[in-house]
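*Asks:* Single-letter residue listing:
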Amino acid sequence: SAVISQKPSRDICQRGTSLTIQCQVDSQVTMMFWYRQQPGQSLTLIATANQGSEATYESGFVIDKFPISRPNLTFSTLTVSNMSPEDSSIYLCSVEDLDPPRVTQYFGPGTRLLVL
Amino acid sequence: AQKITQTQPGMFVQEKEAVTLDCTYDTSDQSYGLFWYKQPSSGEMIFLIYQGSYDEQNATEGRYSLNFQKARKSANLVISASQLGDSAMYFCAMREFTDNNDYKLSFGAGTTVTVRA
Chain V
33 SAVISQKPSR DICQRGTSLT IQCQVDSQVT MMFWYRQQPG QSLTLIATAN
83 QGSEATYESG FVIDKFPISR PNLTFSTLTV SNMSPEDSSI YLCSVEDLDP
133 PRVTQYFGPG TRLLVL
Chain C
4 AQKITQTQPG MFVQEKEAVT LDCTYDTSDQ SYGLFWYKQP SSGEMIFLIY
54 QGSYDEQNAT EGRYSLNFQK ARKSANLVIS ASQLGDSAMY FCAMREFTDN
104 NDYKLSFGAG TTVTVRA
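As given, the protein sequences belong to chains V and C, one line each in that order. Residues in the first sequence are numbered consecutively from 33, following the working numbering. Residues in the second sequence are numbered consecutively from 4, following the working numbering.
By construction, these hints were calculated from the structure, which means they are not laboratory data. As the structure is a computational prediction, the values presented were derived from the model and not from experiment. It is possible that part of the hints are untrue.
As the list claims (entries may be wrong) - Within a straight-line C-alpha distance of at most 30 Å, the following computed DSBU-like cross-link-like pairs (lysine-lysine) qualify: (1) C:K6 with C:K73; (2) V:K39 with C:K107; (3) C:K19 with C:K76; (4) C:K6 with C:K107; (5) C:K73 with C:K107; (6) C:K19 with C:K73; (7) V:K97 with C:K73; (8) V:K97 with C:K6; (9) V:K97 with V:K39.
What the hints assert, rightly or not - Listed next, with one range per pair, are the computed distances between beta-carbon atoms: (10) C:P12 with V:F107: 45 to 53 Å; (11) C:M14 with V:R144: 25 to 33 Å; (12) V:G92 with C:S83: 36 to 44 Å; (13) V:V135 with C:Q72: 14 to 22 Å.
A virtual CB, placed ideally from N, CA and C, is assigned to each residue, including glycine.
This is chain C alone, in the form it adopts within the complex:
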């Protein structure tokens, strides 16, 4: 079963506007973490923001903020004041512990964001 769901394959946003990327997750664990990554056309994976399941406040990193709604199992990324350089693929990921006390990241399908001038 899909653990991370990103329902928006692609989005267009006007420069300087805000955009929200949806992410829902499925887990029965109490302790988990949620990540967002940006992948530009160059292919590198750029870490944007992290939210722990026990964090009471929503994470923020510069223009990025994570709207964490634990009861709804959603972790939406908000990008404020979009810039042309924000055009990229964005992945939501969840970290879960495994049976042998390691952990692993599961990724969503991604959302392509195109910023228009």
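Next up, chain V with everything else stripped away, as it sits in the complex:
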């Protein structure tokens, strides 16, 4: 199974600043996903990041606010820009692991962000 690490694991930031979250996978994967989980809520997909192409954003999320990079098949970054307290959430990176006949989607440990 894929092993996913995220940095930082948590951070406290001031409003108006930006934070870049890194996601590293121990194997090459085609698709990487970024999710947000607001306090007490379920997971919401922010965007899908394929290597070599622009990220695809879900409704309600825009590139100016959440720019994503995907420079290779094992790494991606998500930046939360011009932060406000409403951005306080857990941000999770996820990848699909295809090992037929099993299909799984794994998640990183998450980045807990608090915006003051």
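On the provided structure of chain V, position chain C as indicated by the hints.
*Replies:* Quick look at chain C alone, frame taken from chain V:
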């Protein structure tokens, strides 16, 4: 419209008993997948089990089994012989293909399970 519905916000179960977590889904696709994840208080998302829409047999993974009823669009998770460590939030999720042939997971609201000694 909500694609994944989990109607049980919270459940209590006695240790060593079985518990069933409900999940219904809504899709017009023929090909889709259903996942269950466990999220303990630490926040990590732990993959439990997967069921493909074309799988004829219900998926099983150790103490976890998925009761897949395609016509009713339900994919209930059964946890047998509950343990104290099973206390967590459980999410049902559905994978669908998108217009550009990518896919994405949609999650339900989750069910909190508390196992009592």
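*Asks:* For every hint, state whether the structure bears it out.
*Replies:* Right, here's what the structure says about each hint:
no.: 1; hint: C:K6 with C:K73; result: holds, 15 Å
no.: 2; hint: V:K39 with C:K107; result: holds, 23 Å
no.: 3; hint: C:K19 with C:K76; result: holds, 29 Å
no.: 4; hint: C:K6 with C:K107; result: holds, 12 Å
no.: 5; hint: C:K73 with C:K107; result: holds, 20 Å
no.: 6; hint: C:K19 with C:K73; result: holds, 29 Å
no.: 7; hint: V:K97 with C:K73; result: violated, 39 Å
no.: 8; hint: V:K97 with C:K6; result: holds, 26 Å
no.: 9; hint: V:K97 with V:K39; result: holds, 19 Å
no.: 10; hint: C:P12 with V:F107: 45 to 53 Å; result: violated, 37 Å
no.: 11; hint: C:M14 with V:R144: 25 to 33 Å; result: holds, 26 Å
no.: 12; hint: V:G92 with C:S83: 36 to 44 Å; result: holds, 39 Å
no.: 13; hint: V:V135 with C:Q72: 14 to 22 Å; result: holds, 20 Å
Of the hints listed earlier, those the structure fails to meet are numbers 7, 10, in rising order.
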